[in-house]
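Full structure from sequences and hints, please.
Chains Z, V, L, W, E and U, in that order, are what the protein sequence lines are. With our numbering, letter number 7 in the first sequence gets 7, and the count goes up by one each step, no holes. With our numbering, letter number 67 in the second sequence gets 67, and the count goes up by one each step, no holes. With our numbering, letter number 27 in the third sequence gets 27, and the count goes up by one each step, no holes. With our numbering, letter number 210 in the fourth sequence gets 210, and the count goes up by one each step, no holes. With our numbering, letter number 112 in the fifth sequence gets 112, and the count goes up by one each step, no holes. With our numbering, letter number 116 in the sixth sequence gets 116, and the count goes up by one each step, no holes.
By construction, these hints were calculated from the structure, which means they are not laboratory data. Do not take every clue at face value.
Repeated chains share a single entry, so a pair holds when one copy, or any two copies, can fit it.
Capping the alpha-carbon separation at 25 angstroms, the derived lysine to aspartate or glutamate pairs in DMTMM-like fashion look like this [what the hints assert, rightly or not]: (1) K287 to E16; (2) K287 to D184; (3) K287 to E28; (4) K2 to E251; (5) K287 to E251; (6) K2 to E283; (7) K287 to E12; (8) K2 to D255; (9) K2 to D209; (10) K287 to D255; (11) K2 to E16; (12) K287 to E25; (13) K2 to D202.
Keep in mind it's a predicted model, so treat the numbers as computed, not measured.
The primary structure of each chain is shown beneath.
Protein chains: 6
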Amino acid sequence: MKLGLLTAALAELSLEQVAAWASSEGFEALEVACWPAAGGEARRYAGVSHIDVDAFDPDSVQALLSRNGLAISSLAYYPNNLHPDDAHREEVNAHLRRVIDAAAALGVEIVGTFVGNDKDRPLPENLERFREIWPPLVHYAGERGVKIAVENCPMIFSYDEWPGGNNLAWSPAAWDEMFAAIPDENFGLNLDPSHLVWLMIDYERVGYDYADRIFHVHAKDLEIRRDGLYRHGAFSGGIGWQVPRLPGLGEVRWDRFVAALYAVGYDHVVSIEHEDRRFEGEEELVKRGFLLARNALRPYVV
Amino acid sequence: MKLGLLTAALAELSLEQVAAWASSEGFEALEVACWPAAGGEARRYAGVSHIDVDAFDPDSVQALLSRNGLAISSLAYYPNNLHPDDAHREEVNAHLRRVIDAAAALGVEIVGTFVGNDKDRPLPENLERFREIWPPLVHYAGERGVKIAVENCPMIFSYDEWPGGNNLAWSPAAWDEMFAAIPDENFGLNLDPSHLVWLMIDYERVGYDYADRIFHVHAKDLEIRRDGLYRHGAFSGGIGWQVPRLPGLGEVRWDRFVAALYAVGYDHVVSIEHEDRRFEGEEELVKRGFLLARNALRPYVV
Amino acid sequence: MKLGLLTAALAELSLEQVAAWASSEGFEALEVACWPAAGGEARRYAGVSHIDVDAFDPDSVQALLSRNGLAISSLAYYPNNLHPDDAHREEVNAHLRRVIDAAAALGVEIVGTFVGNDKDRPLPENLERFREIWPPLVHYAGERGVKIAVENCPMIFSYDEWPGGNNLAWSPAAWDEMFAAIPDENFGLNLDPSHLVWLMIDYERVGYDYADRIFHVHAKDLEIRRDGLYRHGAFSGGIGWQVPRLPGLGEVRWDRFVAALYAVGYDHVVSIEHEDRRFEGEEELVKRGFLLARNALRPYVV
Amino acid sequence: MKLGLLTAALAELSLEQVAAWASSEGFEALEVACWPAAGGEARRYAGVSHIDVDAFDPDSVQALLSRNGLAISSLAYYPNNLHPDDAHREEVNAHLRRVIDAAAALGVEIVGTFVGNDKDRPLPENLERFREIWPPLVHYAGERGVKIAVENCPMIFSYDEWPGGNNLAWSPAAWDEMFAAIPDENFGLNLDPSHLVWLMIDYERVGYDYADRIFHVHAKDLEIRRDGLYRHGAFSGGIGWQVPRLPGLGEVRWDRFVAALYAVGYDHVVSIEHEDRRFEGEEELVKRGFLLARNALRPYVV
Amino acid sequence: MKLGLLTAALAELSLEQVAAWASSEGFEALEVACWPAAGGEARRYAGVSHIDVDAFDPDSVQALLSRNGLAISSLAYYPNNLHPDDAHREEVNAHLRRVIDAAAALGVEIVGTFVGNDKDRPLPENLERFREIWPPLVHYAGERGVKIAVENCPMIFSYDEWPGGNNLAWSPAAWDEMFAAIPDENFGLNLDPSHLVWLMIDYERVGYDYADRIFHVHAKDLEIRRDGLYRHGAFSGGIGWQVPRLPGLGEVRWDRFVAALYAVGYDHVVSIEHEDRRFEGEEELVKRGFLLARNALRPYVV
Amino acid sequence: MKLGLLTAALAELSLEQVAAWASSEGFEALEVACWPAAGGEARRYAGVSHIDVDAFDPDSVQALLSRNGLAISSLAYYPNNLHPDDAHREEVNAHLRRVIDAAAALGVEIVGTFVGNDKDRPLPENLERFREIWPPLVHYAGERGVKIAVENCPMIFSYDEWPGGNNLAWSPAAWDEMFAAIPDENFGLNLDPSHLVWLMIDYERVGYDYADRIFHVHAKDLEIRRDGLYRHGAFSGGIGWQVPRLPGLGEVRWDRFVAALYAVGYDHVVSIEHEDRRFEGEEELVKRGFLLARNALRPYVV
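As structure tokens, then:
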């Protein structure tokens, strides 16, 4: 395996700067943020464009990475691909296709994204919609030799995303429906064990049960504030008690999770995703956070 | 304490028949179902009218109970008192007031009901609505010397009640808002520990924290099917993994829950609520279920 | 469900005496020991013949049971049906067939027995032998309307039964092989959760996974002496650390086990098997043991 | 085993009244409070004299018990037999000798008491004193065919008994010193598992390790209030977090504790000691408490 | 955060030597032992004087530290500031004031010490005394811009410190009393989670509950020998079962403890306190101990 | 302590190559595989000869190790020294003696091996045989100043080694018999905690109980596949559910195990034994495995 990081948390730095720093700190891969350069999305950890897929030179990007001894583990663009507003949805679907094109141009195997969700409609209806909208997207990627890795985050953090969250792909039950609808070999998961902690889903077992579908791995961590759970209860969707933390500060037992990954033959990148509010706000602090996570994971990623 | 039962599961029997059987099996109290006699509500375990509050003779009801050596622990009417359809809501609010009148007429101290919820609106908005609609209801009861005990069930069992369920009063956080809005001494809980199991809220602590607000206790139990939780995750609202069981067959540790009740001075009725599908469908089976629950609870209810 | 007992522990009493006592103490069914009356088998808890299948009058047995208001839950004969000595094996197989005949004659639905094992040969070889010897036995029973319920005990208690024990049917893996070889509907389990405790197999899950194959249930219990496990380790086959106890004194959570049985629709007999050495040696003590077990189980068996 | 009760909690009743009620509720033995009739000791649960050992007629006491079908499991007198004030200590030692005489006169095998302690001196010094004062007391009892059973309570409930408590016999380490100093066969324990809960000492293991020294068993229960433990910590001697409860409402697993007692051959009385403040203050309430404890224990005491 | 160490365990080395070695091994801060240079205190880990506060040159100390790239996290002097012998107490109080003066002179923000205790008097009486003696000490420090950080160790290891230990500041209940009496912002904790392990107090919750009072953190660890706890019980004050260990060899989950510290915004030093008897006796061994602890903590301290 | 590795997993490399690589990666000791150079044994991880004890030059081996700054922690030869075929057994015993000679010649203190077992005979019979065959072997080593360290592996992985496995020395009960038969001070354990995981034997307690007999430590790890345990049960000897893993990927808590080793004064080598199938097949992968294990252990081995 290789240890990498998702560039989105270093929004203020250029790709060149990110690469230089990551390389000097022992990282081996980057998961490059590819939101539209024109911006627009103001969501936390989103909207970052380290490669402007509408205007970039594959050779110079590759040269930049090469110079720093880094691989690109995937291109990252996480919008709501099932947004209920069709105009908006088509726009983000279109940009996703351009990210796929960019991956193909760069020889990057994987594009990471969200399935998306209409948060106001129940899962069965969203799965209906998924079955319409997603097959052509996966097909488009397949034709270009690119794999789609969808992250298993429910995308609910506050009442703004209530009730259903902005990404339906958060449970084994949903994955089974998704993979039944799209059995294509280039459709899989960007598996993040942290969400499974508050969902109370056994992440080791997921490692074994979905071995063939794990294309990419996010290393984010999470803790459950017990008092918050007491006050709000499991049905509250984590609001008030689930807190994203850096790997090493949360409840994921990384040794055992990584052990499951090795056991099923996963040998790609473990990519640190940084969403710990205690290590944000200034570049130095963000970097300290990445380094803490690196320290916690490095021993197990060989 | 006394051991009682909620009559709703014995819908086919008359109050006379329920009382005779309950008494012969050692029960000491009834929680009498008081849905509108005209019917209309087809929900499982609802719509039962063992006292027709629009037409009954308090003296003969009391005589009937007396003859069987039974007390009435509360009158039970559990509709959606915050139904989004105002016409319907006003109708059920009106019937609730008539149940309150009936309680006053019978000298019954407690009416049990649901706060209700507009399942399609987030909790903060529902609490707003609660603050408008509920104070007059509680006031109405107070004037008549009746206490309102609201049950802590989220009322979500399938996608029909998705996303928010039909009763907002399921978490300590919500109770705090409710009791802050209506501090009246005649407003409290009909505490059912079973819902707290799947909500992963510590029911013993609830016993201590809300001691003054526990007016009535439901003895229902529940189990979490671990494989279902793995497949659906905590965010699914229990759908696919929470299974109501009879007390004695579930995960509530009744000895410790009752210990907390004694510790805080609760000395009213523990009333068995029967919603275990394995003990339904024929009167004999429903009765066996009640007896199993009685056997499990009887040693601790003295 | 009904609460019963296996008569073998009351070897000194006649069936008449057992029935009278059991009935007076609230039991509802007997699992009647049917070893050959001529004796021969000296194994603890074996060799008892409460019905001599070679010479009995079905009508008078039924009358006896009827008089005492008892049902027969099954006929019990637990020899080594795969004994490596073919002469001996054929003898016990032959007696098993006579027990089946007796069950048919009595209108008893179930005969309980052991699959048996050649303790000196590994499981795969024993399964081979099982595939030869058992189908005709099951077929014989099926023709007579009788179900075969095999108990899941490894039959290893000391080095005498080492290494493989005298009954191969102790694990889900073995059951799967057995039921694959003999899918007949009249072939199932006499499920005893106590053995599963020291085998560290989840007995609740077994309840769900083998719902269709649970024909009969043994209520025996067991405890693991932690210091013995430390000294001998799991590979020692329980020798030195597994101790049979009466239900109520062991590690089985009967409430949850019975809950699983109800959940899957089991509605036959829970039959107390008494092998607790602390309640043996004199009739009075054996009976006290049965009563303690009855007290522990009675609340849940309705 | 037999189920009994310690009469001290029913101080307002005469022995006759206690016996009549206990018998009618299914108890089989009494542990009779024998404090000096002249009174003097005002400690909670102490000072009760159901037999005035200075003036009683053994025959009429025995007749009274006989009439009610009850045995006397032991005579109970729990003072501080190592009181630092020698005059007081000699007085209580002297009364203890009279209780021993009374036991001999009544044919009662066991006298229950406290070893005592000088709460202001460390354990090693108290053990020194124990070695001087106790051998003659045990010898006195032995000559009269009476066993001394000392209870394992640290006798610390508030700062009044701080720091060492009024009874040193609360840990296996102390028992080992005691039994090394007095190996006499008539010196043993009145084992109460409840104290071991807050002392965090494994009560099942105690059952096995001190099998030969368990002369009598107290059935009292206890719970640890987790929040109190957080605030005060283990070093606080339980003040602020250990709460005596009735058996069935506390943390002792009576099934497993009694299982250990049966395993080691204990076959005397399990005697309910009632010190639950929620069931005190009026006779009716005290009795309800005893009945709840009886209900919880009765199934296992056969 | 920075990783530091308390110099007391390296008593044989000069401050210069300690600083050089610590710096070369990657430590970033020193907690400098400041007992009176004249000696006198023979207690284990005490009596060390790496800065003689009665005669030192602040500039040269600062230069020494600077040369080695080290900060001083606090000055350390841990006597019994509530010693029952007033003469002795005034002496140590006086030295504490001189340590405060030294801190002011050095620009060191924090002085670490013990509140102290009269081990023979109960907590409420000691708190009374605390309210008299401590306010002027805290005030003295405040006037000089110095914070007082008291360590949460009960200072009981053997019967010499029995019964109350030599430092009352070991529980949240005591802290609440202390902070109520002295709400000054320059009065807080030198939080050591190891003591909380044997006191069975949740150290993560302490991190959250006392966030504002955590001025300094000790990284010491501890294990509970289970057999010792069985023999001596919780009331024995840890004697016989609590064993100080180096961080990484004990029961503190440093990842989760440090996670709580980050969560509440603690960003000062984590200072290794070395009291593991297996790594003592020779300088080499003491240093190995520090390095093991460094290895265990380093990944999380960024 | 020192960190080392067992050379057997690097069978394709010469000792020179192993030493150079190990040294460059920070290892401090080698446990050198000494199977007969002529080969013959085809067992996985066996048959490797990094020193041909029949033909080697001690000086040049020592020089080689010296050059690389490495110690030899032990010579390793793990055959079945109680093989039932006497001819074969004598052959392996003879080779074991030559390995002992080699150790003496090299000044290596320890030879590691298996006691062996006749897998088809029960433990008591094997212990009989042990008592005959082993004393002269231990005596032979003692005369040469060499210690024999036997590994605690049951040597059962499939039905080939069923039922008893090829090494009887896997439980405290067996060790006690062994050390009673051979109390010689040069007879002890090469303790590997991984086997104890699936044997469900407390490895920390083993550290304390057998302190004097721990001559050498293997760092191998293991996980129990829960689903396999469900299917096969504890009596299956681990077949189907015990999976060897590298330290850091398994269930051993190395921090606590190493803590026990330090506590009892163990200060020799912790030697990584590599048997994780996911890190096999090519040299690079094997080395990655060793490095992962090194990363996991290095912080605690100082």
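Kindly indicate which numbered hints from before are broken by the structure, ordering the numbers from low to high.
Of the numbered hints given earlier, the structure breaks just one, which is hint 2.
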